[in-house]
Amino acid sequence: MSAPAVQFKADAARVAADLHHRDVIQTAMGKYEVVRDQRKQWFQDWEGARNLAARTKFEAINHLDKHLKQFADKLESRGAKVHWATDAASAREIILEILREKKAKVVVKSKTMTSEEIHLNNALEQVGYEVVESDLGEYIVQLRDEAPYHLVFPAMHLTRGEIKDIFQKKLNDAPSDDPEELTMVARRTLRKKYLQADVGITGANFAIAETGMISITENEGNARLTAALPDTMITLVGIEKVLPRLEDLALFLPMLAVMGTGQPLTCYNTMYGGPRQPDEADGPREFHVVLLDNKRTLLLADAEQRDVLGCIRCGACLNVCPIFRNVGGHTYGTVYGGPIGSVITPHLRGLQEWKHLSFASSLCGACTETCPVKIDLHHHLLQNRRNASAPGHGKPDFFQKLAFKLFALAANNPGLWKLATKLGRIGIKLCSVASGHVLDPMRLWTKTRKLPQPARQSFREWMEKRKS
Amino acid sequence: MNSRETIFARIHEALKFKAAAHHGRGLPDVAEQRHVMPPVGATPDEQLALFVRNAADLKTVFKFVKDEAELVAELQALSVAEKWQRVAAHKGAMVLAGAKTLSLPTIVTDDGYDKYDFEKCDAGISECDALIAQTGTALLTSRTAGGRALSCLPPHHVIIARREQLVPDLPAAFALLKQKYAENFPSMISFITGPSRTGDIERILVLGAHGPKKLTIFLING
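Protein sequences, first through last, are from chains E and L.
Using the working numbering, the first residue of the first sequence is number 503, and each one after it goes up by one.
Using the working numbering, the first residue of the second sequence is number 13, and each one after it goes up by one.
In short, the hints are calculated from the structure, not lab data.
Quantities reported herein were computed from a predicted structural model and do not represent experimental measurements.
Careful, some of the hints might be misleading.
List of simulated lysine to aspartate or glutamate pairs, EDC-like, C-alpha gap at most 16 Å [stated by the list, open to error]:
| no. | chain 1 | residue 1 | chain 2 | residue 2 |
| --- | --- | --- | --- | --- |
| 1 | L | K30 | E | D567 |
| 2 | L | K226 | E | E682 |
| 3 | E | K694 | L | D129 |
| 4 | L | K78 | L | E195 |
| 5 | L | K103 | E | E782 |
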């Protein structure tokens with residue numbers, strides 16, 4: 503087993519048995535499910551909307567060259583500077599170069615998963631910049647020195663008490679554990695940062711090819727302020743985020759809100775198409791857009807799984823996933839968790855080392871069913887399993903081979919099959935007696951599960967009796 | 013080869029493989045956006061009623077005013093009730109007239125401002141480009157609403173709109189943007205749907221995370 507797989511197994515076993523964790527997640531998800539379902543009903547035809555969204559993304563991704571060129575040309579014609587980063591290291595270097603040139607000291611960031619992907623904060627802090635996350639959830643996990651737990655709700659695993667504790671410890675400012683008062687602590691603290699910051703860094707939810715704009719979806723107004731007050735704005739965006747037309751947003755903005763948080767539309771959906779224009783009151787004088795590949799073109803080359811590039815990072819597949827809900831967001835050990843993370847991480851970070859994520863699935867298909875852009879997630883997990891064991895890619899171990907050989911033997915011989923099912927039923931009964939004991943051969947299974955009780959007779963026996 | 017050329021070369025190489033059939037091509041033909049999106053009602057009156065309902069759900073304060081005289085009276089009442097000391101506005105005809113009658117220190121963003129002074133403003137007053145019935149949204153831009161910070165930095169954002177600015181749905185709003193700005197878009201276009209909020213602590217709704225805690229929309233119903 504690879505090191506990440508060993509870690510995953512250990513963490514999964516621990517978190518799945520953590521009743522406090524289960525409580526917190528079930529409460530949060532319960533609230534989300536109710537509003538999400540109400541909002542889906544609000545659409546005249548939710549299925550039709552999914553089809554339209556999937557088609558639009560299909561068009562965008564399968565003509566990525568055309569759209570990307572249009573996007574960059576338009577932005578540049580409006581005074582923005584477009585940078586191209588082939589990998590994480592070059593993206594970090596581009597951003598560091600801008601900060602050096604601007605002689606920046608304080609950098610304020612709004613939520614961007616892509617910056618987590620390239621480990622930007624670490625790189626900036628190492629050379630002495632003060633980097634402040636401004637999204638409340640991101641700010642909380644930054645203070646705790648943790649990775650975001652979830653694509654959309656970075657601090658959903660924490661209780662108000664834990665948040666009060668970290669505010670008390672790091673800010674010395676936590677009047678109570680009331681969510682409103684805690685939010686106001688963050689508001690007060692971060693307002694100063696927006697004003698001080700020399701550079702604002704944002705992500706983007708969409709990149710509009712037709713008009714050369716990035717679009718940011720948020721609720722708090724932190725991205726709005728990050729893009730308004732500092733003199734330089736940097737937006738880091740994956741090359742797959744393109745949408746062909748401005749009006750495509752009319753569909754994607756409400757769909758993202760419904761699936762992401764269960765809102766009809768989030769509070770602020772804002773498009774930026776350049777630095778401050780001559781007739782405008784404020785805004786950054788420089789606008790840099792860093793377009794990131796970082797193996798996205800490898801995914802594009804996989805014609806079978808290319809549709810994952812259509813992902814809008816709504817987090818809906820995480821929310822419905824029985825694995826995510828039991829093992830939690832941190833157990834994955836990846837930037838992108840849940841089903842979408844299990845599908846793409848092997849592509850981004852190596853199939854053999856990360857294949858275990860594709861096996862940690864019940865293949866129930868809830869992710870595929872909920873995905874607003876109809877990514878075929880659970881089949882992609884199967885394809886990853888197939889690819890991981892293709893000739894030349896690792897071998898099944900001895901016991902696996904033995905088990906399948908024995909099964910094949912029994913399944914090809916009616917007499918042996920009959921004997922095996924009889925012995926099996928006796929075996930299960932014996933196991934139940936030994937259950938919980940160290941002699942129980944099934945103890946790894948029964949540690950967290952009950953053995954199914956065998957039927958009184960097999961189907962074959964039932965059929966024979968019926969005939970006579 | 014520079015990095016731009018490298019990325020385009022990778023994309024061209026990748027797109028030589030045709031996408032799997034289940035993605036896109038297997039989907040049924042779909043209608044246009046309006047056939048799938050949330051309904052908005054057929055008449056302008058129904059749409060106005062929908063906007064009012066949505067605004068209430070979003071905790072936006074929404075008020076009809078007859079004319080500019082009534083608008084001024086409402087603004088003054090707000091200013092007294094919330095003890096405004098300092099306000100921000102921009103050079104919009106409806107906004108500047110209203111703000112001036114408050115006889116308070118006023119920052120007019122188009123004239124330039126000190127951001128620390130600006131942060132002390134109790135309210136920001138702006139116009140907008142449209143109101144969207146479908147979602148209860150106000151649409152504004154950096155060109156028509158006094159820049160980027162006015163609608164987001166002060167704790168209370170007041171929007172002044174006219175009845176004819178109401179559009180039925182999001183597709184209509186994007187069509188309006190294209191028609192109005194064509195090849196010279198403002199650098200920021202923002203769809204504002206209620207006052208700033210967060211649910212990051214135990215998924216409990218708190219208003220005023222970073223942006224305005226309060227959003228008021230006055231509709232001049234001339």
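request  = Of all the hints given earlier, name the ones this structure violates by number, lowest first.
outcome  = Violated: hint 4 alone.
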